[in-house]
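2 protein chains.
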Amino acid sequence: MEYENTLIKERLSNLRAAMEKQGIDYYLIPSSDFHNSEYSADFFKVREYFCGFDGSNGTLLVSSREAGMWTDGRYFIQADNQMKGTGVTLFKMQEPGVPTIQEYLLENMKEGETLGFDGRVVSTSFGEELEKELSKNRVNFRIDKDLAEDIWTDRPSLPCHDIYVLSDELCGQSFEEKLCAVRQKMKEYGTCLYILSKLDDIMWLTNLRGDDVECNPVALAYAVISEDSFILFVQKEEVTEDVRNYCQKKGITLREYDELVAFIEGFEIAGDILCDKRNTNYLTYKALSEKADSAGVKLSNRKDPTESLKAVKNETELRNIREVYIRDSARLTEFIYWVKSNVGKIPMTEYSAAMKLDSMRAELPGFIELSFPTISAYNANAAMAHYEATKDNCAEVKNEGLLLVDSGGTYLGGTTDVTRTIVVGKLSDEIKRHYTLTVVGMLRLSKANFLEGCTGRNLDILARGPLWNIGIDYKHGTGHGIGYILNVHEGPQNIRWRFTPGQSEAALVPGMIVSDEPGVYIEGSHGIRIENILEVQKGEEGEYGQFLHFAHLTWVPIDLEAIDPGYMDQSDIKALNDYHRDVYEKISPYITDKDVLEWLKKATTQL
Amino acid sequence: MEYENTLIKERLSNLRAAMEKQGIDYYLIPSSDFHNSEYSADFFKVREYFCGFDGSNGTLLVSSREAGMWTDGRYFIQADNQMKGTGVTLFKMQEPGVPTIQEYLLENMKEGETLGFDGRVVSTSFGEELEKELSKNRVNFRIDKDLAEDIWTDRPSLPCHDIYVLSDELCGQSFEEKLCAVRQKMKEYGTCLYILSKLDDIMWLTNLRGDDVECNPVALAYAVISEDSFILFVQKEEVTEDVRNYCQKKGITLREYDELVAFIEGFEIAGDILCDKRNTNYLTYKALSEKADSAGVKLSNRKDPTESLKAVKNETELRNIREVYIRDSARLTEFIYWVKSNVGKIPMTEYSAAMKLDSMRAELPGFIELSFPTISAYNANAAMAHYEATKDNCAEVKNEGLLLVDSGGTYLGGTTDVTRTIVVGKLSDEIKRHYTLTVVGMLRLSKANFLEGCTGRNLDILARGPLWNIGIDYKHGTGHGIGYILNVHEGPQNIRWRFTPGQSEAALVPGMIVSDEPGVYIEGSHGIRIENILEVQKGEEGEYGQFLHFAHLTWVPIDLEAIDPGYMDQSDIKALNDYHRDVYEKISPYITDKDVLEWLKKATTQL
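Read top to bottom, the protein sequences are chains V and G. Residue numbers for the first sequence follow the numbering used here, beginning at 114 and rising by one. Residue numbers for the second sequence follow the numbering used here, beginning at 114 and rising by one.
Keep in mind that the hints were calculated from the coordinates and are not lab data. Warning: the hint list may mix true and false statements.
You can't tell identical chains apart in this list, so a pair holds if it fits in one copy or across any two.
In silico SDA-like pairs for lysine to any residue, Cα to Cα no more than 25 Å straight-line [said to hold, decoys possible]:
1. Lys588 / Glu653
2. Lys588 / Glu654
3. Lys545 / Gly658
4. Lys245 / Glu301
5. Lys545 / Glu654
6. Lys245 / Gln616
7. Lys390 / Pro614
8. Lys158 / Ser236
9. Lys651 / Arg609
10. Lys363 / Ser617
11. Lys122 / Glu133
12. Lys390 / Leu292
13. Lys714 / Gly679
14. Lys588 / Pro623
15. Lys416 / Arg296
16. Lys560 / Arg609
17. Lys687 / Gln650
18. Lys416 / Cys305
Could you build the full structure based on these sequences and the hints that come with them?
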């Protein structure tokens, strides 16, 4: 007899009853929160609740007759296991013959039927696509219902943690100054109302921080900016006395987090509205769109101007970031010493090593939280793109091969991100070749001198080229922007090579921070990634224009045990030697243990 | 008393009389031919006729009250001299406070006035811009009048030279095969009529060639392609017996060159029309646009599909190109030997050296014509972007410094383009540094290994980076496509770095040909450019995708007298040594003179 998951079946039957009551024929459940954050809190795990699958990507679709769950190749096996006995069909995305959700709906939905979803967890682009596709079938939409509300009785509550204020001294720029720059952009775009939904942009603009998204020091919030008002929508329970005083002083009007749509509906609007579709959920966008239509104004879809303003760090931010990276680098260096001197001697797993590093970081002054869950992956595990070691499911680290550690912290003073691949034992020549060329790529990009106007697409080949030359590619970007006491991933700049027609590229600008992280991933064998963070700085200015270059922010030794200088040019060797000289100079003052210092001296030996 | 140019004044007065007769208040005279070719024949030099200025860029605007001529910074002095006493005002483009033509017209033209020009010599983009801008003033347009027709009595006739047929064997693909591919694209785009105006595309498609544009082996022509007909519009006098037979056999209908617009007006159209705005003149585009409107079909503006098809050379073309480049390289090498062994001993000027090279090339089998006027520039002259040595105005080449020679030929077998900068005497260390890093850039790009999907923007920094690293830029692209027995400049691929929002970039594809020509230009001192032509070839294909790389087509020694290996990495030295080894191997069989051979041996010495 086949196993039956009665719990899930009962939940689905409750859902179908609720659907019938609301006149909804198909109900769609994605995985995102209201702001398309990188991490979704437990409150948002509705899809998991109704089908059992807890991977990071998956969309559930339920009708009276069928339930289907769409996920990608990373999760086929896991989804299959977790959904056993639930009666939910697994739709393997990108597999031949498997319909997309749109295709499935187009095939199955009949004229007059209703598709329902919570428009707050659906992106505007997906919502518009559904609307456009299904208009052929004359389907109705119901986008304001979160059906889990009444069914999921023990649902975790919406994340709700105290907001706190960062001082203007720490931020280098006051809320008023930033708001003035944003209003300038609104004016440039000919708009008089701006709806901002992106959490890190709201935090940057207000100099506030929160704790509602894992590893992102942000509060759930929306902001509405007009020429003479600034309204912040947050949960009342998150507003401390301090925050309330700050807001009053700064002229920030506070409103309840869930009142945005009602507010939009009631607002008197005299001119065009600005919002960035990419960052606005479908429910909000539809409300704005209807408002604009009824008021006879335009809804202007443009990139959030806060994104570019936030990306260019001011002098205070840069000064603090440089300092924080040195301290963070010293701590990671101590960890590397700990790994190398203890491996094979004490019990060590990927997980325990990560815990050790996390606890070391937590002791640093101003530590707020990790900037993302530490990746600790040993040998072949490091070749898997989305590998995650857990306490119960992780490899033992033995004295052979490599341990890849990608980690970072958010401190009062900056957000860090760094990857080192640590030699813990014997390596093959092939691995040394891969390791050396990864380092060569990282260093070549860091040494680039380039004219203002260059984007990441111009530079990517400097990091990737040494690996392309031996027929190897890493299937990820070379670099991403990084926030200041904010998210570890931010735009608009990046370092990638692929051309996407119609997509705009952000030029690199002095004050931007970008990662430089080439890698090699050989399935079943090993994974290598070396990641330094770079700051864009001004160089010479002359008849050819303004030259720019990078400065390292990360100061952690590159493991010389994996370097074969035979694969390097003289200029690469010089770059590595220069870097190691600076590493010692920068971090040795922050290392007190004599053994570590002695080891660091050797680890930064000139080749 | 001020000098008066009565000749020009009389011509302008005749023009004004003709304008009055036609009811034209402002008459615009640009510099282009009907196809926006790189070179305009004397027939098209109407602007020169009416104002005396003969530079390559200039637009004349005449009204009853004033005449103005717009040109760019290269020509301010020349235009000032040549227009002395004509009463024509010089408008210095891009200078502060100087209006553009559009701004001038907007400022001066009144409601109901008429702007006239010959719509065949105006680009569609400029025509549309004028129309859009001046619609604010409610201005009339008259775009079908070439007023020079009746005034310029001794006007040179429209270029009219015999067309000839290239064999299918030489082209590697028959007209029918190419037409089939083009019709496939028309179908893909949902169009049933395609108007092609680009001369080299028409030549490529028909396997015909002509001689109506300087250095471009093309005939003045238009082509109209439907699902079951192919109409070629050419001057009857150009059609030889041979061409007539060929066209009859191939199903090509011949019509008179100047009947295109009348043909469009009379054509019965059943579906959408395809044309590429960039390559279609305004008169043709307007006719097409009106036709589409009246027939209720769409005028679909897309890149000429012939452009991409033409850019990817077939195996026959590649085989012939490789062979032709070796012969052309051997000849240039003999020339370099001649320069180096004769400089300081016989009278030599930039011009006489160019003549010598041109005559040497002309002796090669299958020589048709130069692919562009040879650039021969000595020392400081080589730093000027548009320097042109003439018999009466050129520098003597002495035994000191550098002679830059950029040249090429079109042969039955391919079109070449190559630049070498030749050491003719003592060089400073600075010049050697610039020379060496230019060579390093050329070699690094030529050694690139890259994934399919890369465009020139991904690769440009490989050539430009070594110069950027010392704060120097060259203000031109690194590379352009090159035709097969056709124009020396063609698209869609190129190698450049600047990002232009909205512009599409062409990925490099196996079989494309592209130049690799970094340079250094120091005003008043020296100019260096080294240009090799590269062929895109397939490399490894595996889990990361299809890798591509380049192969050299040019085999001419790099002047070792200007190379300082101190500025090179080992891998650069190896690349140069490998290249020189191959140069000797490839071209020595084509060099008969023992002295040259002996010198070549030394010139390709391994470092």
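Structure-based check of all given hints:
1. Lys588 / Glu653: Between copies, since 17 Å is at most 25 Å while 34 Å is not.
2. Lys588 / Glu654: between (36 Å within a copy, 15 Å between copies)
3. Lys545 / Gly658: between (40 Å within a copy, 24 Å between copies)
4. Lys245 / Glu301: between (31 Å within a copy, 23 Å between copies)
5. Lys545 / Glu654: between (40 Å within a copy, 24 Å between copies)
6. Lys245 / Gln616: within (22 Å within a copy, 27 Å between copies)
7. Lys390 / Pro614: Answer is both: 19 Å inside a copy and 19 Å across each meet the 25 Å cutoff.
8. Lys158 / Ser236: within (16 Å within a copy, 58 Å between copies)
9. Lys651 / Arg609: both (22 Å within a copy, 22 Å between copies)
10. Lys363 / Ser617: neither (35 Å within a copy, 45 Å between copies)
11. Lys122 / Glu133: So Lys122 and Glu133 pass the 25 Å test inside one copy only (16 Å; across, 88 Å).
12. Lys390 / Leu292: Close inside one copy (21 Å), not across copies (44 Å); limit 25 Å.
13. Lys714 / Gly679: Answer is within: at 23 Å inside a copy they meet the 25 Å cutoff, but 31 Å across does not.
14. Lys588 / Pro623: between (28 Å within a copy, 22 Å between copies)
15. Lys416 / Arg296: The answer is within: 14 Å in one copy meets 25 Å, while 40 Å across copies does not.
16. Lys560 / Arg609: Close inside one copy (17 Å) and across copies (21 Å); limit 25 Å.
17. Lys687 / Gln650: Within. Shortest intra-copy distance 21 Å satisfies the 25 Å Cα cut-off; inter-copy 33 Å does not.
18. Lys416 / Cys305: within (16 Å within a copy, 39 Å between copies)
Consistency note: the structure conflicts with earlier hint 10 alone.
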